[in-house]
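Student: Residues per chain, in single letters:
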Amino acid sequence: MAEERIDVRKTYKMYIGGNFPRTESGRTYKALDSEGNLLANACQGSRKDFRDAVKIARGAFDGWSSRSAYNRGQILYRIAEMLEDRRDQFMKELGPIGFTTAEAEADINAAIDRLIYYAGWTDKYQQVFGSVNPVASSHFNFSMLEPTGVVAAFAPENSPLLGLVSVIAPIIAGGNTCIVLASEEYPLPAISFAEVLNSSDVPGGVVNILTGFREELAEHFSSHMDVNAMCYTDDLPKEMKKTIDENASLNVKRIVKRPVDDWYDEEAQSPYFVTDFQETKTTWHPVGF
Amino acid sequence: MSHTETKEAAYKPTSPNSKLDFQSVWEYAPAPQDADFAEVKEQYDLFIGGKFVEPSKGRYFKSTNPATEEEITEFAEATQKDVDKAVKAARKAYEGEWSSMSGKERGKYLYRIARMLQERAREFAVLESMDGGKPIRESRDVDIPLVAAYFFYYAGWADKLEYAFPGKKPEPYGVCGQIIPWNFPLLMLAWKIAPALATGNTVVLKPAETTSLTALKFAELVKDCGLPDGVINIVTGAGQTGSEIVNHKDIDKVAFTGSTNVGKIIQKSLAGTDKKYTLELGGKGALVIFEDAPIDQAVEGIINAIYFNQGHVCCAGSRLLVQEGVADKVIQKLKDRLETMIVGDPLDKNTDIGAINSKEQFETVNKYLEMGVDEGADIYQAKCDIPENGYFIRPTLFTNVSQSNRVVQEEIFGPVLTVQTFRTADEGIEKANNTPYGLANGVWTDKGSKIFKMGSKMRSGVVWANTYNKFDPTSPFGGYKESGVGREGGMHGLAAYIKN
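Chains as they are written, first to last, in our numbering: chain A, 1 to 289; chain B, 1001 to 1500.
I should point out that these hints are in silico values taken from the structure, not numbers from a laboratory.
For glycine and all other residues, C-beta sits at the position ideal for the given N, C-alpha and C.
Hints may contain errors.
As the list claims (entries may be wrong) - Output of the computed footprint for chain B on chain A, the stretches with three or more beta carbons under 8 angstroms from beta carbons of chain B:
id, stretch
1, 52–59
2, 64–76
3, 106–117
Go ahead and model the full structure; you've got the sequences and the hints to work with.
Tutor: So this is what it looks like as structure tokens:
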């Protein structure tokens, strides 16, 4: 009689700088399925993990923001291709945490299409939102958008794949790099999505994904002096919001709050999610012989 | 061999007369691009309603390789009945699946086309060079990558049109008739088809009769992509076929790229109808070189402006206007640079200038060469060897020309540059603008403010500053005056396919 095969389970670690390290703190917490059974131990990321990730995201910024818009578009499209290819993996991931088969399929479809939507924006938002300004003096004057820099984000709590993708895509489409805290209760799809990123052509450090607790990390996300913007889409507790807003004033961090109820809605995708993380630069140049 | 030694002895790292003397130092060994893997059928039919169909009159015409004068394949001649069939297929597709499909899904088909073109890029590059005579380096590094890029760019617009047209509900025209030239066969196809499909139109496209091969290979690719039948229809033939498309009652919009003469005929034949049209026509671009320009960079720019693609470029910089103080220096450097150019086998990776596209065009350019000399100009041609067979012309300069010479006034569409001088910026502008054309101009100077001043004064749809012949899907392209109406490329290029 053949021996019953014991399956090999995946270790879920974080995603920093194109690698999958464990948290330096050595702490984990339990990621459970919808019936309360253990799915895996997730890393409980620390302040130090976040600080490491910021350093890496800053290092990746110059290269990523210097990529041509066309190239960034190709890479976002590549992520979509890879996600399409790994549908089954995400079906398995979403099922145990309460998605019906139809819901999981819809979630994955929408996530893929959202990546393609933003792939298309990379070389278009500049044309739509940039301008040539008819100043009265003899100058050629134009305004263009440039990425804000390093963005820290809380991914939505209740949309562990589609919501996560919807937050990351517009940030990186515009040439920023980011550190994203995955859904606290459902952290595993985010780490599997990191595997998708890692097998696309996204350079290491452009997207960094941590798992852990908002309560602990909100303070650090918002107070870090080398983070240029912070974004969240959930309705956070009042106290946490206040902390984030106050800390932002330390280095004039841009705080982007975009409350989204339904990630399937067309309203949940927009070029304004891209321009939220852009700065306008205006150049003056004389005209004359 | 003993002469190798003498060559080595003669080698000097920097030559006192500034000549770019490469050939006495080393010779270029042949570097042929493998072409066997690119499959060409003996005969190609018309692509209508998602199927390859025989032409109703059963007539085919031959296509030759202009570098060898050998026959490559033959194409079907589409007559009135075939064009009608193609328009009907396009109408059916428009009224069926295509116009009810969301922009998001339409875009996905265009992304598929872009991706598959990238995958098969080398094959298309080889076929483009075989059929049209352009150097493989250009078809491989310029034409085909841009083709994929245009599809990729417009794919992204399909679900974002409301952002391109604020305050307007963007709607397609319906069925577009598109006629393209032979100088950039597949690239012109991409310029036409990508924005038309992104905006929800369907098309009937006619490639030029001398360069239909890649369009039909593209049709095969379209089938592989699973695009709904009839969204893209490709009919082959000469001017008569084009005229059938333009004059067909059920065409909503005509897009034409080609000569100004034919453009005018099309504009006239559309008179009194409600059909919309965009025309990308000829040009006679000026290259204005100021005394403060970086001269070596300018010389490279001139070479690229006029000798790129054998000068078969509607926006070619075919009139050099050089400021007097540097004229002798620029002309000397240009002549030296011409001597380094390699004219020959389009499929050799070292080739700079390939074959003139067709016998007809070969004769036209030669006619202009004679005409220039008859008008009293001084002709200078590179002394390079050219192959015995095929249609090759050495890169040519005409100096001692005046504004009224026909070689200065008319579009030659070959590797022929005229050289004039100017003293003041105003004189430069006046000479640059003294043409019925207005497609593109170039300016070389190290002074930024002069670039913008020249840019604002030159009457052309494109101005290249310290560079030339640059193309990108995000950048609008098109002419002033008799160089055409409408723009292709960029967000502006969408407008050509949206009801106004």
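Student: Against this structure, judge whether each hint is valid.
Tutor: Here is how each hint holds up against the structure:
Beta-carbon proximity to chain B at under 8 angstroms applies to 0 residues in the stretch 52–59 of chain A; the threshold of 3 is not reached and the given coverage is violated. Under a criterion of three residues with beta carbons nearer than 8 angstroms to beta carbons of chain B, the stated coverage of the stretch 64–76 of chain A is upheld, 4 such residues being counted. Coverage of the stretch 106–117 of chain A by chain B holds [criterion: at least 3 residues with CB-CB distance below 8 angstroms; count 3].
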